[in-house]
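Can you make the complete structure from the sequences, with help from the hints?
Listed here are the chains, written in short residue letters.
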Amino acid sequence: MPELTIAEVARIVGGEVERGDPQRTVHGVAPLDEAGPRELSFVAEARYYAYIHASRAAAVLVARGAAIQLPDGMAAVRVDDPRRALARVLDALYPPPAAAPGVHATAVLGPGVAVDSTASVGAYAVVGEGTRIGARATVHPHVVIGRGCHVGEDVVIHPHATLYDDVTVGARSVVHSGARLGSDGFGFVPEGDGLKKVPQVGGCRIAEDVEIGANSTIDRGSIGDTTVGRGTKIDNLVQIGHNCRIGSHVIIVSQVGISGSTRVGDGAVLGGQAGVQGHIEIGAGAKVGGQAGVTASVPAGATVSGYPARPHREAMRVQAAVFGLPKLVQRLKALENAVFGRGAQGARAGSHADERDGGEPPRDE
Amino acid sequence: MPELTIAEVARIVGGEVERGDPQRTVHGVAPLDEAGPRELSFVAEARYYAYIHASRAAAVLVARGAAIQLPDGMAAVRVDDPRRALARVLDALYPPPAAAPGVHATAVLGPGVAVDSTASVGAYAVVGEGTRIGARATVHPHVVIGRGCHVGEDVVIHPHATLYDDVTVGARSVVHSGARLGSDGFGFVPEGDGLKKVPQVGGCRIAEDVEIGANSTIDRGSIGDTTVGRGTKIDNLVQIGHNCRIGSHVIIVSQVGISGSTRVGDGAVLGGQAGVQGHIEIGAGAKVGGQAGVTASVPAGATVSGYPARPHREAMRVQAAVFGLPKLVQRLKALENAVFGRGAQGARAGSHADERDGGEPPRDE
Amino acid sequence: MPELTIAEVARIVGGEVERGDPQRTVHGVAPLDEAGPRELSFVAEARYYAYIHASRAAAVLVARGAAIQLPDGMAAVRVDDPRRALARVLDALYPPPAAAPGVHATAVLGPGVAVDSTASVGAYAVVGEGTRIGARATVHPHVVIGRGCHVGEDVVIHPHATLYDDVTVGARSVVHSGARLGSDGFGFVPEGDGLKKVPQVGGCRIAEDVEIGANSTIDRGSIGDTTVGRGTKIDNLVQIGHNCRIGSHVIIVSQVGISGSTRVGDGAVLGGQAGVQGHIEIGAGAKVGGQAGVTASVPAGATVSGYPARPHREAMRVQAAVFGLPKLVQRLKALENAVFGRGAQGARAGSHADERDGGEPPRDE
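Residue numbers (my numbering), protein chains in the order written: chain V, 6 to 370; chain B, 6 to 370; chain F, 6 to 370.
If you're looking for bench data, these hints aren't it; they were derived computationally from the structure. Values in this document were obtained by computation on a predicted structure and should not be read as measured data. Mixed in with the good hints there might be a few duds.
Unchecked claim - No more than 16 Å apart at the CA atoms, straight line, and that leaves these computed lysine to aspartate or glutamate pairs for EDC-like:
1. K332/B <-> E319/V
2. K202/B <-> D159/F
3. K202/B <-> D96/F
4. K201/V <-> E213/B
5. K202/F <-> E319/V
6. K332/F <-> E319/B
7. K332/V <-> E319/F
8. K202/B <-> E213/F
What follows is the structure, encoded as structure tokens:
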């Protein structure tokens, strides 16, 4: 396992060492309250500055301007952005274990499969006819890849992921365990007393530097392709319907669902559990709140939230009014008493608001 | 790869050729803006008619009455319903790749397993004791099937799907990658300071012509069975709890969750991300809106939406009133000013609606 | 298959036999309407008492005080709590099939793997370097376990589950099919025009007696660990973000999502599809309603619901007021008519509430 001196840490992150011994070594990173004397820690938010003094860490990554009190022997490494500095140190201290190049004896390759000599294909992987696997790619054990796929250079595909036929994954992308790329879209037409499946014959193209979380599903196109743009990051358990066009550098948080044929512009952010209707467009740079239900297109740069999703500012104003409703009802009663006399309003304009329980949350068994 | 003349396309879909050369051949289907000169396209909605003129497709499937302008050389195939026509053409042009019959040398079969001679069992599939696999069924690589299961004729089970013990899948059904059929229901009873698992010993019976999406989960019954009726279509990442009884020709869109012991009637439609409480009944033909939270039984044929779900018309009326609340507050103030005089209402009937931010910005990490 | 006399059933559950023949045997348990003459049934809720008379079951588990009418030949076994009694009988009648100890010939074990001689490792399982598997543990076929993991005594890991590197699963825990433990957290920092992955180097520690449902995902920590406490039960398709600390005896229903670094106290209950923001705390014993959106910490013992989640009583009051809004608007109009004269209010305080459709019908493709 690699180790670094504090001086080396400072050089990697472009920071300066304050106090402590620059030649002391660290071999890992840990939170302030767990770090031991051979570990580095970091603090990004001011509310945690006070905890630095009680930590046993060898050194702490902290913002240049932060007013902190270092305990005896601890060094600070001053940087502009502790989170970005942390990412760089982690790269250096925790290089991902490199899979040995080569195809495991138990892997089953179809006819015409081309695996680069520097790529790794793990135990029990199954790769279909005509698929190409690029340089330094890692196909972990138990990955199943269909026919005619293309896995780019430096791609990592984790165990139990599935690529159906004709799926492309661009260079340096990461596909997590249980992700399903190119599964059939949900398309049926009425026939007789039931439904007939519309064959889903489009493709699924994932660009470079994409990350796809565990157990997420991205359907292939019906006709034409489903596409995910460069640098987009998709969390776990996300659903992307057929023929969606997801832009570049989009962030899609866990359990989001996007219905078919919707377009999401570059740099958009979708909060956890948001649902997006089909055949609409989320503009570039738009932000969608967690659990929002998006039922119409969202302009570029807009922030929306709630159900149905509205501009966030408006949704907040409405929400405040909603939570003020019981008081508003009191004010209305006071007016009615003043204008109509006590107890008279029911007869004039209908009964009071229905006070019975409006329902129960769906709960467990 | 098959190809068809435009005349053959017309015959398959029961349509008529207009303009163009009926003997010209097509070998694929593509969207209007992507189709090349050897591809067929289709237009189902009038708003896309205007794009036909710029397409390079050899021919276009379009409704009989549609007023369109065909570019030189393009044929139109006139039909009643372009979507249904498309489904038929796709069947003809894209026959699914047939897996070779037989059991792959690496498949592991338990004692007493019966695989029909026309069925295909792929690499590394594992099939438990006493399970039967019917004629022309395709069990893809890496499928795990438990003991005592029955896989019907022409069933397709995609890679990495799991059937626990005692699961039945009816003829022609399709189970997508990562679907889990017959997993344990979520049942516990208090014991000591914690919870004791209630053994889940019921079955899981999927009828004919069902489709189950990628990474969906259908729990086995606690005692008695969980059942899914004929022709029902289930999208990706759907959860169906123990002892649910799902009817025939039901449509369940992605990320829906149905708690245990709920019944869903024939032909019901559940929109994406809807949640349904346990021990209730969704009537036949009912429609549940996307993201709705269904906390009580829904009558047959009703349409409900929102949280808690109410009749859609009522939910829309309430929603309109909610979004009109800020203006309603203004009207109330005007009345108070008129009746009580300016600035006086706070003292009489409580303070104003709480105007502070009622919520939080979009979530992400 | 085991069978029990009714007298033995009574002894196992601490109950008394009423009517019928205590020496009659049962070999299974079934719902009232499905049970045959060699099966036991049970009734937990009074609304089902009336159905006992029509059942063919040999005997019924029922509460001591219940007023029921037994058909000829049926015995009742009287107990304090029929659900808990049922769980005990199921244990006796349906012992889980024991996997044969030993490592299947096709399993691939890395260097330094230690499998207890009483444990079972199934076909095609892959176990990484240095991992330990405890006594009587069952690792089903097609499980993939990374490097440096620890699988405790009596643990059951179902087919297709994945443990990434450095994951610990405590004694007697159950991991269902397709669950992903220790997948990378969703952590990125801006870099250039895109995002750079923050290496996720923390661990994932699951305590004893935990159940993790099918296709659920629990991310490893960024730095420091993600932890799940003793006796906690997690349903299917649940997402738990990096560095979450889930307490003991917590119940998390299907499709819940918990963002990173949130703490959930002992004994809390999260209803289905609830979403919880990151970096907050759900107090011990708190209850979160189904589909709730929790955007701020919840005190111990509190019950919250709705979006954004509020105390349940307040949320219900607000909801009732919301559903009463159309009537409230009528009352306001009546007041305006009385104070300002008919038709005058629009001019004074803005237009009426916007009555147009605020949303969309149910979504599907």
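Hints, verified against the model:
1. With a CA separation close to 12 Å, the supplied pair K332/B and E319/V stays within the 16 Å bound.
2. A threshold of 16 Å between alpha carbons decides the hint, and for K202/B with D159/F the separation of about 15 Å falls inside it, so the pair holds.
3. Distance restraint check for K202/B and D96/F: the Cα-Cα separation of roughly 9 Å lies within the 16 Å cut-off, and the hinted pair is therefore satisfied.
4. The suggested pairing of K201/V with E213/B holds, with an alpha-carbon distance near 13 Å, which does not exceed 16 Å.
5. Of the supplied pair hints, the one linking K202/F and E319/V is violated, its CA atoms being roughly 34 Å apart against a limit of 16 Å.
6. Taken as a hint, the K332/F and E319/B pair is honoured in the structure, with Cα atoms around 12 Å apart against an allowance of 16 Å.
7. A C-alpha spacing of about 12 Å is found between K332/V and E319/F, which places the hinted pair at or below 16 Å, so the restraint holds.
8. Of the supplied pair hints, the one linking K202/B and E213/F holds, its CA atoms being roughly 14 Å apart against a limit of 16 Å.
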